[in-house]
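There are 2 protein chains.
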Amino acid sequence: MSDYHIEGQRFDTSLGWVQETQYAFFEALDLDSGLVLSPVTIAYETYGRLNEARDNAVLILHALSGDAHVAGYHRGDSRPGWWDMMVGPGKAFDTNKYFVICSNVIGGCKGSSGPCSLNPETNEPYGLRFPVVTLPDMVRAQKMLVGLLGIERLLGVCGGSMGGMQALQWVTAYPEMVASCIPIACTHKHSPMQIAFNEVGRQAIMRDRNWRGGDYYDAEAPDTGLTIARMIGHVTYLSDESMRDKFGRRLRGKEVFGFDFESIDFEVESYLKHQGEVFTRRFDANSYLYITKALDYFDLSNGQGTLVQAFADTLPETRFLVIAFSSDWLYPPYQSKDIVRALKGNGLDCTYLEIKASYGHDSFLVEKEQLTLLIKSFLEVTARRNGVKVAG
Amino acid sequence: MSDYHIEGQRFDTSLGWVQETQYAFFEALDLDSGLVLSPVTIAYETYGRLNEARDNAVLILHALSGDAHVAGYHRGDSRPGWWDMMVGPGKAFDTNKYFVICSNVIGGCKGSSGPCSLNPETNEPYGLRFPVVTLPDMVRAQKMLVGLLGIERLLGVCGGSMGGMQALQWVTAYPEMVASCIPIACTHKHSPMQIAFNEVGRQAIMRDRNWRGGDYYDAEAPDTGLTIARMIGHVTYLSDESMRDKFGRRLRGKEVFGFDFESIDFEVESYLKHQGEVFTRRFDANSYLYITKALDYFDLSNGQGTLVQAFADTLPETRFLVIAFSSDWLYPPYQSKDIVRALKGNGLDCTYLEIKASYGHDSFLVEKEQLTLLIKSFLEVTARRNGVKVAG
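Heads up: the protein sequence lines correspond to chains A and B, in order.
All letters in the first sequence, in the order written, are residues 1 to 392 by our numbering.
All letters in the second sequence, in the order written, are residues 1 to 392 by our numbering.
Rather than coming from a laboratory, the hints here were simulated on the basis of the structure.
Values in this document were obtained by computation on a predicted structure and should not be read as measured data.
Hints should not be assumed to be uniformly reliable.
Since copy identity is lost for identical chains, a pair holds within one copy or between any two.
What the hints assert, rightly or not - DSSO-like, lysine-lysine: derived pairs with alpha carbons at most 30 angstroms apart:
1. K344 - K110
2. K189 - K356
3. K389 - K189
4. K368 - K189
5. K91 - K337
6. K337 - K356
7. K246 - K337
8. K273 - K356
9. K189 - K110
10. K273 - K389
11. K389 - K356
12. K337 - K389
13. K143 - K356
Next up, chain A with everything else stripped away, as it sits in the complex (with noise of 0.2 angstroms):
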């Protein structure tokens, strides 16, 4: 990992703050797989300023179809980033104090490498050529950027749902550099039932005719495949109250059973579709391919061992803040009793808390006020304990 450099700066213009993805280079990536990623680019964008001490430092990890761009504004964006309630100044990840960190994971198509970044050896983009890449090799990644950013511990690693996952990786990998985990509305394995909704998503997409193979980044794209299998998630992101309040049963624009089917009846059929279609503009669908297949295979444990071994390289100093929401039946509360249980078979510090949120698995994006309550604290505690000199 010997050859690198950073491109891009952030700047501020007339117009106040303008938040700009920046990348990093790296000559090669190992991967679990054997096989070995060259070269690697990786996105990330910071928030805040990482003290002389260089232990600051947060992480935030993305969930499946999140990116780098966590917080702020984009030149030109209407809409902030995925998580800007939680991350600038004065919120929970307070950037006057934090220096924040966030990356496109590999694997991804959000600037970091993946399958439709070109392949050196045929200079034409990798389609599934791309080799595997697990959960364990994205934080792999990202140790290499916090690397390279001078940081030898970060004092906390945090994310939501694939976020989380990463986060719970990244202290049993690396116990060392982590001071506390935060991982939100995740599992340390996905159940059969989670992968069974992603591999739907996934035959959706190979299954359409543009598809190819994967190849089809000089062609028409399998937005179908793509536009449903972002539906089924979504379906899978709500819960069962929060679309009675958000939808109930409102017809849309008329009052009669239709007799065109490619019409829309439900306002919640609208939604969906609206959902599902924008987001073949954002995302690839080898991407999602991908990732949700490293989602799938990801165990903490490795298929060996209990979870609580797991964690038995965890320094006991380490912190932890579990959280879990009460409507979210894609990561039950139940995965992450599971991964308290392991934590305190350990002794290990461990806080865990269920919010009462009807949101379902999508909660962890919109419980603002009880998410900043608990992490703001939580961090500043843990910023203490560790002495670590923040501003304000």
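Given chain A's structure and the hints, the job is docking chain B onto it.
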């Protein structure tokens, strides 16, 4: 409804009892839309013998993908009808005592008139020119069949899922014709989540290029879309727990992370793929659209008044047995409890049971012992109270 005749007959062979589907033909059926379906074919099967008083008939209603073949074997079949565990001599619906009827719904593809039937105006399959049908339309067609069989009052109407919704429609539309009602694992109207899952399935079908606006009968069928729709269905029919018991995270035939995305890794993936693919051999995609729309539109109170008011005309002597399953998250027990509350609000005779079962929505096709225990005695008491003479 003047012209009709009955075709088909049942017979015993040296191989034992063999069940055959019969067909009833009607001139016309008035539909909720104001249109008239003409002519009308209804596929049905009967089991046991109608007594002299013609008052021992029980009508069983099938679910989304079911048909008239509820029990026994068709000639040459290796598998019996879809609820064979419940219907037969000595079983819950004891064919030594009761005359059991089951018919395929209008809009279906198992012998009754539906979008794959020939449109008499064009002599080609209807496709989307088949009129929209509702659950009340399906029940109105069943009423014609019951009348044709010379039955004025049914001892019971019973079904699971969509079948339960039809049973409820029967008792509210034709209260004087029903002595008892057994709605299982159902609801009086779909929640937005139920609509959402159906809608994703419909979108998968309608976005399949082979769908061609429903006119695919002389070409390749939209098998991809129908396969995806069925896979989504199957995930929702199971429960997290039953999937863990059934599949765990077992890998299929290999122990390492595969590189071929078309291959199967987990057993649950193989199960879903199989279920999705075999479905295309026995079901018509247009029927899937019509029937799921009928389900989503169904509202027992017709959107007017409360659910309590929907049962206002129900006869006080009508008996109800409402059954839900603890792990059914597609038709959760709270939906059955809403029905019970409305029945009790009318002072009606209602027994409610939430069966502890791990199979999710599919429990109604699995929980033989518990269902038999409940239904057998419920029917016996109903027969006794109504002075119905049954053999045995």
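Okay, the hints, checked on the actual structure:
no., hint, in the structure
1, K344 - K110, "neither (37 angstroms within a copy, 56 angstroms between copies)"
2, K189 - K356, "both (23 angstroms within a copy, 27 angstroms between copies)"
3, K389 - K189, "neither (36 angstroms within a copy, 58 angstroms between copies)"
4, K368 - K189, "within (26 angstroms within a copy, 33 angstroms between copies)"
5, K91 - K337, "within (27 angstroms within a copy, 43 angstroms between copies)"
6, K337 - K356, "both (15 angstroms within a copy, 23 angstroms between copies)"
7, K246 - K337, "both (29 angstroms within a copy, 22 angstroms between copies)"
8, K273 - K356, "within (29 angstroms within a copy, 36 angstroms between copies)"
9, K189 - K110, "within (25 angstroms within a copy, 42 angstroms between copies)"
10, K273 - K389, "neither (48 angstroms within a copy, 55 angstroms between copies)"
11, K389 - K356, "neither (34 angstroms within a copy, 55 angstroms between copies)"
12, K337 - K389, "neither (33 angstroms within a copy, 57 angstroms between copies)"
13, K143 - K356, "neither (34 angstroms within a copy, 47 angstroms between copies)"
In summary, the numbered hints that this structure violates are 1, 3, 10, 11, 12 and 13.
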